[in-house]
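Q: Here is what each chain is made of, one letter per residue.
There are 2 protein chains.
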Amino acid sequence: MLDHLGDLKRTHHCGELRSEQVGEKVTLLGWVAKRRDLGSLTFIDIRDRWGLTQLVLDPEYQAESHAKAKSVRTEYVLGVIGEVRARDAKTVNNKLATGEVEVFVQELFILNNAQTTPFPVKDDIDDVGEELRLKHRYLDLRRPALQKNFILRHQIGLTVRNYLNAKDFLELETPMLTKSTPEGARDYLVPSRVHKGSFYALPQSPQIFKQLFMVSGFERYFQITRCFRDEDLRADRQPEFTQIDMEMSFVQPDDVFNLLEGMMVEVLKLLNHDVQTPFPRLPYADAMDRFGSDKPDTRYAMELKDLSEAVAGCNFGVFADCVANNGVVKAVCAPGAASKSRKEIDSLESWLKQDYGIRGLAWLKYGENGVTGPIKKFLGEELCVKLFEQAGGGQGDIMFFVADTREKANQALGALRCRLAEMLDLIPENTFEFLWVTDFPLVEFDDQASRYVALHHPFTSPNDEDMNLLKDEPGKVRAKAYDLVLNGFEIGGGSIRIHRRDVQDAMFAALGLSPEEAEEKFGFLLNALSYGAPPHGGIALGFDRICMLMSGEKSLREVIAFPKTTSAYCLMTESPSRVAVDQLVDLGVTVLHAPKKES
Amino acid sequence: MLDHLGDLKRTHHCGELRSEQVGEKVTLLGWVAKRRDLGSLTFIDIRDRWGLTQLVLDPEYQAESHAKAKSVRTEYVLGVIGEVRARDAKTVNNKLATGEVEVFVQELFILNNAQTTPFPVKDDIDDVGEELRLKHRYLDLRRPALQKNFILRHQIGLTVRNYLNAKDFLELETPMLTKSTPEGARDYLVPSRVHKGSFYALPQSPQIFKQLFMVSGFERYFQITRCFRDEDLRADRQPEFTQIDMEMSFVQPDDVFNLLEGMMVEVLKLLNHDVQTPFPRLPYADAMDRFGSDKPDTRYAMELKDLSEAVAGCNFGVFADCVANNGVVKAVCAPGAASKSRKEIDSLESWLKQDYGIRGLAWLKYGENGVTGPIKKFLGEELCVKLFEQAGGGQGDIMFFVADTREKANQALGALRCRLAEMLDLIPENTFEFLWVTDFPLVEFDDQASRYVALHHPFTSPNDEDMNLLKDEPGKVRAKAYDLVLNGFEIGGGSIRIHRRDVQDAMFAALGLSPEEAEEKFGFLLNALSYGAPPHGGIALGFDRICMLMSGEKSLREVIAFPKTTSAYCLMTESPSRVAVDQLVDLGVTVLHAPKKES
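Chains as they are written, first to last, in UniProt numbering: chain A, 1 to 599; chain B, 1 to 599.
Derived from the structure by calculation, the hints contain no laboratory data.
One should not assume that every hint holds.
Any copy will do: because identical chains look the same in the list, a pair fits if it lies in one copy or spans two.
Simulated pairs of lysine to aspartate or glutamate, DMTMM-like, Cα-Cα distance not exceeding 20 Å [claimed, not checked]:
id, residue 1, residue 2
1, Lys408, Asp286
2, Lys135, Glu520
3, Lys196, Asp582
4, Lys295, Glu131
5, Lys376, Asp294
Construct all of the structure, not just a fragment, from the sequences and the given hints.
A: Put into structure tokens, the structure is as follows:
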């Protein structure tokens, strides 16, 4: 028989009792973490969101409650009234915040029972498959490690909101049932019942709406809001994700940077972590050149070095020819890696050849007896030592070379740099390194579409001094666009937007949109720009990703309460699911029973 | 030619300057509210989110800026640098916060121009059609009245968040792409591209997810989140709306009431309004009996009186027969309404006959010369006066009677009560009267479906003492359900939930769901209840409606930034819209070109 809650109210959390409370009568509510019988006594660890307390039931003290306690199993929901007592010195548990005391139970209420859970409700359950955890997500979320992640997530959200409020920002809501303007990722569509044959789209971001808020004169907008992208999912993407979205009027990039830096300082304080400002700022071209990435992890050095000049005309034909043919020879020097085996090196080479299409990975070791390696015989000891010097390396290091186009060399060495940092354990723990990457190209040429496409989105403003290139040489235009990078992850991106109707028209034209297409897709924005749009810009941050990095997790699924799998499926609710035919008839749509399209 | 923003930064808002700043050099940014030329001088009112300041341009003082200013029109975006000067005593504008000063402009920057707006950007534009306002919503939102609404909305949201955070609540996010479990309103569906033929549903509320958070032991959850209902829209509904959603473990209704009352006190402080707690609590049956409504407006009295006993066996056959046949005779007394004309009374009667299906509306006036009215001759003076006395009325009043079933009489008189309060101007301005309505019936019989349906939702707990009626007499079971009513609007509803698997099974059975159907629709919830679900309950508040009432607005559209029309259409973006065929092919759905279904 289960007990009613009645007027039972907790006096303390399960993480709260200390020796100061000894002698007090308390009421606790929570879940059974563990029960064990020791002689005639029964011990129960009771757990709630705040911690764990040991209960003791003594048949001589309270026979009825003790008898009840014998029926109690793990994850039962209990209420207890009892007296706080000090533990014997030898049973004090220093690992537990409440370890100095235990509660002698006078009355025990069983508020609900529990079947045996499919996996234990505790941390460190690496042997439990993620599928099982996701299917019973309500139990997975009961584990202290996940509870901690979501408490932190809540705190980050509230910190951001209060920070932005103090800076005169207003949280304004934008619609979820919006217009489909496919550009970039696929839209999720929602058929309209009233307007049959027509569809809403779920927002990929509130981009246009937040710009309209600027046109409306709200000046400072933010929103922590859900966005949707129907992409082929990778491990670190979810079909729906949460964005900290912001927009400000009358600003330059520096204003956005200052605001965001202050915000991240506040957020990192939640982890008692001091962040230095201003964050370093790095133009996109330099980021690619020095780190082979537009989101470099700056927690460690190992910068890429361009050695083209040093090897030009050398005796190693691969290098010399590459340089002579407008290619580059770039290298990364891995500190203390000279002991890596030939096998390890070979496996790095085949990975890079396959994934980055380079022709080969040359290398030199600087051991105790000087430089060795297959290409040494071509280069000679003197040049080899000089190359190590130029790359900032020395004895004990290994140097990897790629000779290719600048783009390929950067990409391959950028990836290698990250891999080496992990292999060599060069990444400091509990470090948060922020970086602004700036001056992105405005557009890039899409070979498939045979036209320029916007690198960020078509509302991004060109740099003032590049404005005159927009019509004839769009590929050379730099944008007032910026990304915020944390520990090698892009956690946000934004730009100063186009606020002039004539410039927006020119931008659409540069992207190959006819005036009619531009009008059909974005007519309301173009109109809005004609009625007094202020200069404005903003940024959007990946809230999930920030939570993941701050929680020290490797997967977004550890910071999203009810995440979907990589096939956008919810194992718990088993959705998406088939729906009743009348629902579809009502909506005026029908399903094509086509087989699943290969992608 | 437009000017660049450059490094122009405002030193003050347009609502900030006072006589203390006289002599200071300031920079203002904003929109042109008005320009007028007076002699050789040009005056511009510049407006931003914070207010309005008068600029003066004098050709003798700064010829270039003055010349530029002559080209400036309403809603242009300006930046100005100038000196604050005191206005002459006779030009001081006391209606304007900045009315003591004006800014003598030294430099003027035109940051953007503006076409003539389709309606003036100012308040009190009642003559402008709502369609035009919605089509150019970005201009409508620029009006000070709407800006004020959204500033208040932002403040309410933040106040709620900080209040709940202080009470140990966590804001936890629930999915938007969820499972379709049609019950109540229609779902909005989202076709899945990966799982072709399957659909996600947009949430009607996070009900099940928040209960799962309780199963997970988060204990106190809230979320300000978007919900969706594909209903036939009425004037005060939107297809997407924002809900303040909450759930707590180990609580009884009183705990929810106390929490909410404290929250509303904080929220109303934003309007400098003191709210008295506790709020009155009224069982559903009493609310119907006394006010003819489950959401009575308690800003005024005019309660319904049951006069059946007094008129039983009287000489007015309609009354006597009705009482003899188990009907009731109820009345409402309208104070000071004796002067209403016969025509006005007749028009009330025909409205009630048509909309509420009553047979007639009897009435008596208590004038200077005693009681008059068509039924007086049957009742006699003595009984008439007695009826006025019983109903708390007297000279100068009018009494309206309905003789019908209890339900019809309550409904008709409840509606009449509200109408009379408006007609007689009995509703005090700027008053906020809260009320809890409790003890709703758990289920009601749906004649069409020939089964019981949940009045709130199928997860609502029966009252403990009615639990044994669930199987055989579900219609008599009262629920631990409650609504929060403000000024006659239901602003929230909630309940203590079922936390026991066996009770939930019994509830589904009472609603006519087979175990298989229950399992298919709600299997994951039933499972969750088997693993140690704590007693829990909560509430969901209509955020939009609260914002509307606090802003003193009559329509939700005045507090939703980008609302839809009553046909769920966005006039600004013209959505929903037709989409490209490949988008549909990609999703594996097709459109039936059926004509619009009549509803």
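Q: With identical chains, the pair Lys295 and Glu131 could be close in the same copy or across copies; at 20 Å between alpha carbons, which is it: within, between, both, or neither?
A: Neither. Shortest intra-copy (31 Å) and inter-copy (46 Å) distances fail the 20 Å Cα cut-off.
Q: Checking an output row: Lys376 and Asp294, CA cutoff 20 Å. Within, between, both or neither?
A: Cα proximity of Lys376 and Asp294: none, with 32 Å in one copy and 89 Å across.
Q: When Cα atoms must be at most 20 Å apart, do Lys196 and Asp582 count as within-copy, between-copy, both, or neither?
A: both (14 Å within a copy, 18 Å between copies)
Q: Can you give me the call for Lys135 and Glu520, within, between, both or neither, at a CA distance of at most 20 Å?
A: This pair counts as between: shortest inter-copy Cα distance 15 Å, intra-copy 44 Å.
Q: Under a CA distance limit of 20 Å, which applies to Lys408 and Asp286: within one copy, between copies, both, or neither?
A: within (15 Å within a copy, 78 Å between copies)
Hint violations for this structure: numbers 4, 5, all remaining hints satisfied.
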